[in-house]
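Chemist: Chains as they are written, first to last, in this note's numbering: chain D, 1 to 417; chain X, 1 to 370.
Please note that the accuracy of each hint is not assured.
[To be verified] Chain D is nowhere near these chain X residues, computed Cβ spacing over 10 angstroms in every case:
(1) SER6
(2) GLY35
(3) SER48
(4) ASP143
(5) GLY148
(6) ALA189
(7) GLY216
(8) GLU223
(9) ALA252
(10) ARG260
(11) GLY263
(12) LYS269
(13) HIS270
(14) ALA273
(15) GLY330
(16) PRO354
[Claimed, not checked] Interface residues of chain D toward chain X, partial, derived using beta-carbon atoms under 8 angstroms:
(17) TRP19
(18) LEU20
(19) ALA21
(20) VAL24
(21) LEU40
(22) LEU42
(23) PRO69
(24) LEU275
(25) ASN279
(26) ALA282
(27) SER311
(28) ILE382
(29) ALA400
(30) ILE404
[To be verified] Derived coverage of chain X by chain D (criterion: at least 3 residues anywhere in the stretch with Cβ under 8 angstroms from a Cβ of chain D; other residues may be distant):
(31) 281-288
(32) 301-314
(33) 355-365
By construction, these hints were calculated from the structure, which means they are not laboratory data. In this text the structure is predicted, and so the values were computed from the model without any measurement. Glycine included, every Cβ here is placed at the ideal spot set by N, Cα and C.
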Amino acid sequence: MNFDDTAQEADFRARAREWLADNVPANLQSELELSGFGHLHLHSTDPLQAAKAWQKKKFEAGWAALRWPREYGGQEASPIEEVIWRQEEGVYSKLTGPFNIGLGMCGPTVMAWATEEQKRHLLPRLAAGEDIWCQLFSEPVAGSDLAGIRTRAVRNGEEWVVDGQKIWTSGARNADWGLLITRTDPSVAKHRGLTMFFLDMKTPGIEIRPIRQMNEEAVFNEVYFTGVRIPDTQRLGEVGQGWTVALTTLMNERLSIGGSMPTGVPQLVAMAAKLDTPNGPAIDDPAVRSQIAKYAVRASGLGYSAFRSISALSRGEQPGPENSIGKLVAGQLMQDVARYALNLSGEYGLVQDHDLAVDGGRFQEMLMRSPATRIEGGSDEILRNIVAERVLGLPADIRADKGIPFDKIPTAAGARP
Amino acid sequence: MQFDFSDGQKELRDSVRRFFADNCPPSIVRGVIAGETSHDTGLWKAVSENGFLAAALPEAFGGVGAGYLELCVVAEELGRVLAPLPSVSSIYLAAEFLLTAGSEAQKQRWLPKLASGEIIGALALAERPGETTPALIEARVSDGKLSGAKMPVIDGLCATLAIVAARDEADALSLYLVDLSGPGVARSAVKVIDQSRKAARITFDEAPAELLGTTGEGWTLVEAIRDRAAILTAFEQIGGAEAALTMARDYALQRFAFGRQIGSFQAIKHMLADMYVALELARSNCYYGAWALSVNAGVLPLAAAQARVAATQAYQLCSANNIQVHGGMGFTWEFDCHLHYRRSNHLALVLGGPSFWENRLIGQMRPTAA
Chain D
1 MNFDDTAQEA DFRARAREWL ADNVPANLQS ELELSGFGHL HLHSTDPLQA AKAWQKKKFE
61 AGWAALRWPR EYGGQEASPI EEVIWRQEEG VYSKLTGPFN IGLGMCGPTV MAWATEEQKR
121 HLLPRLAAGE DIWCQLFSEP VAGSDLAGIR TRAVRNGEEW VVDGQKIWTS GARNADWGLL
181 ITRTDPSVAK HRGLTMFFLD MKTPGIEIRP IRQMNEEAVF NEVYFTGVRI PDTQRLGEVG
241 QGWTVALTTL MNERLSIGGS MPTGVPQLVA MAAKLDTPNG PAIDDPAVRS QIAKYAVRAS
301 GLGYSAFRSI SALSRGEQPG PENSIGKLVA GQLMQDVARY ALNLSGEYGL VQDHDLAVDG
361 GRFQEMLMRS PATRIEGGSD EILRNIVAER VLGLPADIRA DKGIPFDKIP TAAGARP
Chain X
1 MQFDFSDGQK ELRDSVRRFF ADNCPPSIVR GVIAGETSHD TGLWKAVSEN GFLAAALPEA
61 FGGVGAGYLE LCVVAEELGR VLAPLPSVSS IYLAAEFLLT AGSEAQKQRW LPKLASGEII
121 GALALAERPG ETTPALIEAR VSDGKLSGAK MPVIDGLCAT LAIVAARDEA DALSLYLVDL
181 SGPGVARSAV KVIDQSRKAA RITFDEAPAE LLGTTGEGWT LVEAIRDRAA ILTAFEQIGG
241 AEAALTMARD YALQRFAFGR QIGSFQAIKH MLADMYVALE LARSNCYYGA WALSVNAGVL
301 PLAAAQARVA ATQAYQLCSA NNIQVHGGMG FTWEFDCHLH YRRSNHLALV LGGPSFWENR
361 LIGQMRPTAA
């Protein structure tokens, strides 16, 4: 039980620290520290350009896509080295935001399923931040039941013609490439009629509409496909093998270690210490202390769980489904902490105006963003199912659509075109 | 970074777990609950002979000299099997008090006997309801003689040595060693919620008492040792929580209702998932506590409060939901669910209740430059 680096790790950390000291965009530090929940908030400069510049700089110096093979733009670093890098990069790692879906999910899927030529073309561009990728999976009728997607791809010679609609696509408006799952055979069982493609997001027939979110942002999008043509050479895996390919993507989603998610607990402690009441600072009230302590051990538990995952990684073990608890805990915690911070503020807690609100409106912003955290990338309920089934070994849910051809599965009235 | 127990420590865990699986079935726990003795003497002898509980004590005082990480490993296994043994009182508390504050002569006199299990030690703090604070302590020492009453003294029935908080003629709060087999000591059994770890009311009437540590520093010492004991106790709590979760999981797989295993219903699956989450968060907090204990880190008070608060929550949740999953059968005396329910609520209060530790945690987290 120790927190010491091995000699090799210490050497890596020293090199990372040295390079970062000379190269970070220090002028953005304070803005990045305040940029929290949701997406990158920068006022002094265009966030996307800042992100691209930092990614390019890292790539040229050999600090991008660390774990990828060298021929695809990586450094073949170990998992623990990647963790050390993230620790050292600190607040500047927020600039990697626009590339996370590409680096963490689309890239590994392309690496596993594309041709050598495609990989050598696409992956270094992704690693260097030249291309942004998005993931076109969810649909209005298929969220948690992802394999129930309906976007059709019909073969036409050496091409496929795609019609349908995707939703909740983060960053679609900035994306150069998309990873797209389609239904190519509705007459077979749900999981068997799917096929995966990648496509240029400038292809004619794609229309992107931002979704106006309840928190007044518009990070998510709807993506409509009307007669969109994709060359068969951009198919990933066999026709009908799309679900297997999608699992590559989703498994990589889980590999990204939890625990680094913000929960707002340190900010809540600081806020309660500053908040005056007739009996002194709010944090001196035993009831307040008791409540914050309950949140605090969830936050510290997440942080220490991340240390356990990192230790397992450095021993060469693969993170298992137990890592599903990170987002499950963090999402609910963010929501609880935000509500409690507002509660402590009393009626003044209503104020969201950045210049007037307690802590610049941080907790109001958390309150309005946290419902999405509890849904995106696997809802709380799906994550509890994963824990129950894959960790505790409980039976899978009974599925009413099992083995039934997709086009015979019951749906809500009017849901099927 | 290696934030985990070593291979050697995991081997120790496996062998301790095998030992308890063979030697501490629920019938042993039930035997103590039903009987007069406050612990299972045969099991105590066997555990002591194996040196499990002396893991962290120095060899010079009859210990094994392995370390606190090893003791954490043992504690988790004690909790898992609901061991009806005075581990908290005698090892995590009494031995630690002596080790930290005892004079050379006091250590030589008592530690080897505590290490070998020949005698049992207990801590006597509480006198009346309410969180035990210095202001509530009225026991008096005058001219080396202690008078007053303490309740509950956990394992006070079988203990030979008591560490007692009391005030002297100048009102200074200090700790005293009292030989409970000596004169002026009267003890009676007090029924407690977990009778597998019984407690006593002890009255002292001019009982000979010997100062432990420095006059007036009794409470500082209590706080320091209580933090250390909290980490070890938290390991007993996560061991128990995991056992309760496993019981609930196994029952959910085995019990059928509405033509299905009840574990196939999301209401049950999600309840069990939440128990697992609470346990994992507690385990991670406990590991941090174990590390802090093993290197005597400056953050030990913070780590102790984190481990303690999280482990108490996890064990209380898992033991209560274990009954819920079992339905009516969980409420019977015959099923073992209540043994964990009792122990979880017992361990939640020894060393101070949840609110006490929540308060202490925030005290440690609060920005100091106010």
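Chemist: Give a verdict on every hint.
Modeler: Status of the hints after comparison with the structure:
no.: 1; hint: SER6; in the structure: violated (7 angstroms)
no.: 2; hint: GLY35; in the structure: holds (36 angstroms)
no.: 3; hint: SER48; in the structure: holds (26 angstroms)
no.: 4; hint: ASP143; in the structure: holds (39 angstroms)
no.: 5; hint: GLY148; in the structure: holds (28 angstroms)
no.: 6; hint: ALA189; in the structure: holds (33 angstroms)
no.: 7; hint: GLY216; in the structure: holds (27 angstroms)
no.: 8; hint: GLU223; in the structure: holds (17 angstroms)
no.: 9; hint: ALA252; in the structure: violated (6 angstroms)
no.: 10; hint: ARG260; in the structure: violated (7 angstroms)
no.: 11; hint: GLY263; in the structure: violated (4 angstroms)
no.: 12; hint: LYS269; in the structure: violated (4 angstroms)
no.: 13; hint: HIS270; in the structure: violated (4 angstroms)
no.: 14; hint: ALA273; in the structure: violated (4 angstroms)
no.: 15; hint: GLY330; in the structure: holds (18 angstroms)
no.: 16; hint: PRO354; in the structure: violated (8 angstroms)
no.: 17; hint: TRP19; in the structure: violated (21 angstroms)
no.: 18; hint: LEU20; in the structure: violated (20 angstroms)
no.: 19; hint: ALA21; in the structure: violated (22 angstroms)
no.: 20; hint: VAL24; in the structure: violated (24 angstroms)
no.: 21; hint: LEU40; in the structure: violated (28 angstroms)
no.: 22; hint: LEU42; in the structure: violated (28 angstroms)
no.: 23; hint: PRO69; in the structure: violated (26 angstroms)
no.: 24; hint: LEU275; in the structure: violated (12 angstroms)
no.: 25; hint: ASN279; in the structure: violated (15 angstroms)
no.: 26; hint: ALA282; in the structure: violated (11 angstroms)
no.: 27; hint: SER311; in the structure: holds (4 angstroms)
no.: 28; hint: ILE382; in the structure: violated (11 angstroms)
no.: 29; hint: ALA400; in the structure: violated (14 angstroms)
no.: 30; hint: ILE404; in the structure: violated (20 angstroms)
no.: 31; hint: 281-288; in the structure: holds (count 6)
no.: 32; hint: 301-314; in the structure: holds (count 5)
no.: 33; hint: 355-365; in the structure: holds (count 8)
Violated hints, in rising order: 1, 9, 10, 11, 12, 13, 14, 16, 17, 18, 19, 20, 21, 22, 23, 24, 25, 26, 28, 29 and 30; the structure is consistent with all others.
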